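**Q** This is what each chain is made of:
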Amino acid sequence: MRTLPLAFALCLSSHVAFAQEPFHETLTSTAESVNDEIWSADSRQVTPNCEHDWSITKETLRGGRQEGVDIITVDNGVMQIVLCPTRGMGILKVTSGDLQLKWDSPVKEVVNPQFVNLASRGGLGWLEGFNEFLCRCGLENNGHPGTDKFINNVGDEAEMELTLHGKIANIPASKVEVVVDRKPPFALRVKGQVYESFLFGPKLQLQTELVVLPGENTFQLNDTITNKGAQEQEFQLLYHANFGSPLLAAGAEVLVPTHNVTPFNDHAAAGMKNWSKYEGPTAGFVEQVYLLKPKADHNGHTMALLVNRATAQAASIGWSIKQLPYLTVWKNTGAAADGYVTGIEPGTNYPNNRSVEREAGRVPKLAPGESREMTLTFGLHSGGNAVEAAINQITVLQMSGQGIDSPNSTTTPRQ
Amino acid sequence: MRTLPLAFALCLSSHVAFAQEPFHETLTSTAESVNDEIWSADSRQVTPNCEHDWSITKETLRGGRQEGVDIITVDNGVMQIVLCPTRGMGILKVTSGDLQLKWDSPVKEVVNPQFVNLASRGGLGWLEGFNEFLCRCGLENNGHPGTDKFINNVGDEAEMELTLHGKIANIPASKVEVVVDRKPPFALRVKGQVYESFLFGPKLQLQTELVVLPGENTFQLNDTITNKGAQEQEFQLLYHANFGSPLLAAGAEVLVPTHNVTPFNDHAAAGMKNWSKYEGPTAGFVEQVYLLKPKADHNGHTMALLVNRATAQAASIGWSIKQLPYLTVWKNTGAAADGYVTGIEPGTNYPNNRSVEREAGRVPKLAPGESREMTLTFGLHSGGNAVEAAINQITVLQMSGQGIDSPNSTTTPRQ
Amino acid sequence: MRTLPLAFALCLSSHVAFAQEPFHETLTSTAESVNDEIWSADSRQVTPNCEHDWSITKETLRGGRQEGVDIITVDNGVMQIVLCPTRGMGILKVTSGDLQLKWDSPVKEVVNPQFVNLASRGGLGWLEGFNEFLCRCGLENNGHPGTDKFINNVGDEAEMELTLHGKIANIPASKVEVVVDRKPPFALRVKGQVYESFLFGPKLQLQTELVVLPGENTFQLNDTITNKGAQEQEFQLLYHANFGSPLLAAGAEVLVPTHNVTPFNDHAAAGMKNWSKYEGPTAGFVEQVYLLKPKADHNGHTMALLVNRATAQAASIGWSIKQLPYLTVWKNTGAAADGYVTGIEPGTNYPNNRSVEREAGRVPKLAPGESREMTLTFGLHSGGNAVEAAINQITVLQMSGQGIDSPNSTTTPRQ
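Chains Z, L and B, in that order, give the protein sequences.
Take 1 as the starting number for the first sequence in our numbering and just add one per residue.
Take 1 as the starting number for the second sequence in our numbering and just add one per residue.
Take 1 as the starting number for the third sequence in our numbering and just add one per residue.
In short, the hints are calculated from the structure, not lab data.
In this text the structure is predicted, and so the values were computed from the model without any measurement.
Don't take every hint at face value.
Because identical chains share one entry, a pair is satisfied inside a single copy or across any pair of copies.
Listed below are the simulated DMTMM-like cross-link pairs for lysine to aspartate or glutamate, each with C-alpha atoms no more than 25 Å apart in a straight line [stated by the list, open to error]:
| no. | residue 1 | residue 2 |
| --- | --- | --- |
| 1 | K108 | E232 |
| 2 | K108 | D223 |
| 3 | K108 | E177 |
| 4 | K191 | E140 |
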C-alpha cells in the first residue's frame, strides 16, 4: 500500500525539482535586440502555491517627454514598487497602503533621457527629469557641477565641466530580467544592467537587483559596480532617496546614529540646531544640507529613519558603512508646488564637486576587473509598534555603534 | 394625448442637450499615458449640420530626425493649419488656396527635439530644428544666447548660458485635446499644455488653444501662461511668426501702426530708411532687425500686416499691446537656398539677451499662481478688396492709435 | 521555322528590357514620412539568374540606448556589411568568413544619437556612441574639440566650441534607398542622404552609396558632398576606418606609400621608429597619431593596407589623393577591455582642431551648389597570395608614386 504514495511522492518530487528552477524572463536585452513593450507575470502562473497574490508588470509610457519610457511595477501583494529601466533602474515610487515613498516633483512626467541635456542651466540639467523616489547618482561622478580634471584621448590632463549628479539616472538599462523563485519564500527579483562605458572614458558597469518577498513591507537593492576596463578607475555612487508628503510634514524627523553632523554651508549651519526636524512646506525655503558620518554595529550595519509627526508611519534605509560610509541629509522643505522633499542619501562620498571629494579622499577607485557591492534595505513601517521598533534600532546603534574611520574626512563634530 | 408628445419632446430635448455637448477627444495625455499615433474626426461624424467639410487629423511622422514627431492638421474647409505638439504646439504651416503662411527653411524635416542640443554652436542649437511658420520663444527666457544670472539650488546667484529663444519650441506637449462645438458656428479647437517646470527652476505652464471656425480665413491662438510655483517667476514670450515665398517677395511690405522703430544694431540702422520694405532673395544678406512700439486702439488692440507687391495677398497678426507690448521685425531676405524669410514677432520683450531686457524693464514676472493671457488673431487676406480693408485697419490705427507707455523702454523714435 | 525562335527572342528581349530596370525600394524618406521597421529582399526574388545568394535586410534595434536604431545588412553571398542609417550611414562591421573589419569598443550598443550629447566631457561626447568600423567625421568640422570662430546670425564673427569629429555620425539619414541591378554583375547598392543644414549654418548634403557585387570581397563607397546653400561653405570630411582584433594583433603592420610621416605630438614622436608596426594589447597605452602625405599613381590613386602578422589576412582602403589628400594613422593599442584599435583615416584634412587646419590651408570650401566626390574601395584579402598581391600594389605605389603638393602642408619628412 506504500507503493502508490511513494510513486506519487517521486512524481511530485520530480515535478517540484523542475518547478524549483526559478522563473526567468528577459524583458530587455540590447545584445539580443529585445525590448518588450508590455509584459506581465503573476503568482497564479508562476507560484500557484504562494499565499500572496503578487504580479510583475511592464508597460511603456506614452505622450510628451515620457514617450517610450519603460516602467516595471512589482506588486508583492501588500506593496507596489515602480521601477524605471529607462532612467537607470531608478525607483519612481513605492506604495504600501497609505504609506508612500515618493515626492511631488514639479516634473510630472517620467522624462525620457532623450529629452534631457545634463549640461543645461550651468550643469543642472539633471533636475529637468528629477522626480524619482530613488535615484542613483554616479557612476563616473556625482555631486555639484563645476570644473574637474580628467585624462583626455591624448593622455593629457584636461578639464571638463561635471554635471550635477552624473549620468547614471539618465542612461537606459541595457539588460532587464525578472527572476522569481518557485519555492518559498518566492523571492521576486528585477535585475538590470546599466553601462557608463566608452573609449577614453570609464568602463563602469552597474548590475542592480531589486529583491522583494511576497507579503513583506521591505525590499532590498543589491548593486554591484564593476570596472570592466583594464585600468584603475575612480567612481562615485550616492543613493538619492527622496521623501515628500504625506510622510514628510511639519514635525517629521530623521533619525540617524551618527558621530557628527556637518552643515554643508553657512546657510545649513544656521539651521544646525534643528537639522533633524522638519517644518511644513515653506515658500522660499532654501535647501539645507547636512553631512553625516553614521555609526554602525560591529558588522558595519547602520540605518536611517524618517518618522512622521504622529510616530505612526516611518520609512527606513539600512546599509553598510563599509560600502557607503557617508550620509547626506538634504532638507528642501519648500512649498508643495515648488517641491517639498527631503533626501536621505547614503553614498561613497558627499555631494560636493568631485574635485573637492577627491581632495578629501572620498573618491574610491576600482582596480581593473574589481567590483564593489552595495546592499540597501528599505523598510516601510506602519503603526506605532512597528515605528517604535525601528526607533529602538536607531537608539541601539546610536548608543553602541561605531564609525569606521575615514582618515581624510573633512567633517567636524558639531554635536 | 399630450403624454406622448411630451415624452417625445423630453426625449428630443435630452438628445439635443447631449448633442450640444462639445465633441471632445484627448489625443495625448502623459497623466494617462496616452498618445495615439493616428486619429481623425470630421464634419460628417461630428457636425453633420455644418455646411463646411472640416476635418482634424493626427499622424506620426517617420524617418530621420522626424521619427515619432506628431502633427495635427486642422482643415476647416478652406484653410489647412498644421500644428506640431512635439515641438511645443508650434504651427508648421497654414494654407488657404494659393496663400500660404510658411517659409522654406534649410531644415527640411520636422525635427524631434530629441535630436536638438540647444547649447550647440555657442547657444544657437535652436536653429537646427527651426522651420515653423509660428514658433513660440520662451518661457523662462528668449532672445539672444549669452550669460545671464539665475538662482541655483543652494539659493545663490549663479551664472548660466542662455540659449537662443529658450526651450518651449523644443518641449513636447504633455496634453493635447480636440474640442469641437456641435452647434453653430461649430468652432474647432486644438488645445495643448506644455511645461517648463522643474525643481530649482521655473514652474511655468503654457496652455494653448487654437480656434478656427469652418469656412473662415482667420484663426486665433488663446494662450495662458501660469506660474504653477509658489514664488515669483520671470517669464518671456515672443511669437516668432515667419513668412517666406511666395507671399514674401521683392516689393512686399510690412505695415505696423507704430510710435517708433529702433534698429537692433548698426547694420540694421544702415537699412533704416527701407525698414518696412523687402527686397528679393539676396545671397549674403545679413539679417536686419527692427524694434517697434506698436500703437493700438483704445482697447489696446493692434495689428501688423504683410502685404505682397501686387497688394493682392496679405497676412495679418492682431493682438493686444497690453499683453504683448513689443514687436520685432526680423528681415532675413537671404537667398532662397539659405532661408528667405521675415519674422513679425509680437512679444513681452525684444530678442536681446534676457540680461539686457531685464535691465530695460522688459522681463515680466508672475506672482505665485498668477496667469497671463495672450490672444493673437491671424488673418489670410486674398484679393484686392480684402487686402485694402486690412490696410485701412492699419491706417486707422496709425492715425488714431495710442501706445501704452513702457517707462524703461530703450527705443528711440527714428521716423 | 525561324519565326518561332524570333518571336521567342523578341518576347525574351522585351522581358529582359523590363527586367533590366534596376530593382528599387525606398526604405526611409522623411519627405514621404516613410521608415519601414523591417524589410528584406534577396536574390531569389530580384535576380533569380544571379549565381550568388545575396540578401539585403533592414531591422530596427530594440532596448537601452539602441531603441529605434535602424540597421541594414548587405550579404553578397561571401561578405556581410552592416550599415547604420541612424548613425549617419556609418558601417558597423564587415565580415568575410573569419576576416572581420570591426573593433571591440567599450560601447556595446548601437547608440541612438538621441542619447548622445556631443558637447559632453569637454567636447568628447562623440566617444559615447563610437563603435563603428567606419565612421565619417564632418561635415562642418571634424578633428579635435576646442574653440573656433564662425559667423553668427547677426553676421558677426563669433566663437563656438567645436566638438570632436563633428556631427555627421550622429545624424540619422533622411533618405535611404536600395537599388539592385537586374543584369550582371547584379550590383547591390544602398544609398543614403544625410543633412547638416540649417539657418545661419552650413547647408551641406551628404549623398552616400555603398556598392558591392555578389560574390566579391571588395566594396565601394561613392560619396558626394554638396553645398546646397547660396554662399561659399567650408567643409571637412575624414573616413575613420577602425580595425581591431583579430586582424589587428602584435606584429600587424600598416603599409602606406607615403612621402612623409609626421608625428601628431611628442608622444607620437617617441614611437616614430615603429610607427607602422603594432604591438599587442597594452594596458595604459596612450594613443599615437601619425600624419601622412600618401603617394599615388598618375591618376591620383593610392592605397593603405593593414596586414596581419602571418601575412595571411589583410584589409585595404583605396582612394584618390585628389579627393582626400591626407591620411591619419591612429594607433590606440590599449588593452582589449579599453579598446584595442587602429584607425586608418583618409581625409580632406588632419584631425587637428579646425582652426589649426584652416591655418594650414587644409579646410576646403565649396562654392554655392558645388559638389565634391569621394570614392573609397575597401578590400578584404584572405590567404597568402591575395595578401602578397596587395602588398605588391603598395610597393609599386611607394616606388613610383607621386604626391600632389599641398602648398601649406605643415608635415615634415621624417623618413
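**Q** Now tell me if each hint is right for this structure.
**A** Against the structure, the hints come out as follows:
1. K108 / E232: between (40 Å within a copy, 20 Å between copies)
2. K108 / D223: This pair counts as between: shortest inter-copy Cα distance 21 Å, intra-copy 28 Å.
3. K108 / E177: between (27 Å within a copy, 18 Å between copies)
4. K191 / E140: Within one copy only: 21 Å inside a chain, 39 Å across chains, cut-off 25 Å.
Violated hints: none; the structure is consistent with every hint.
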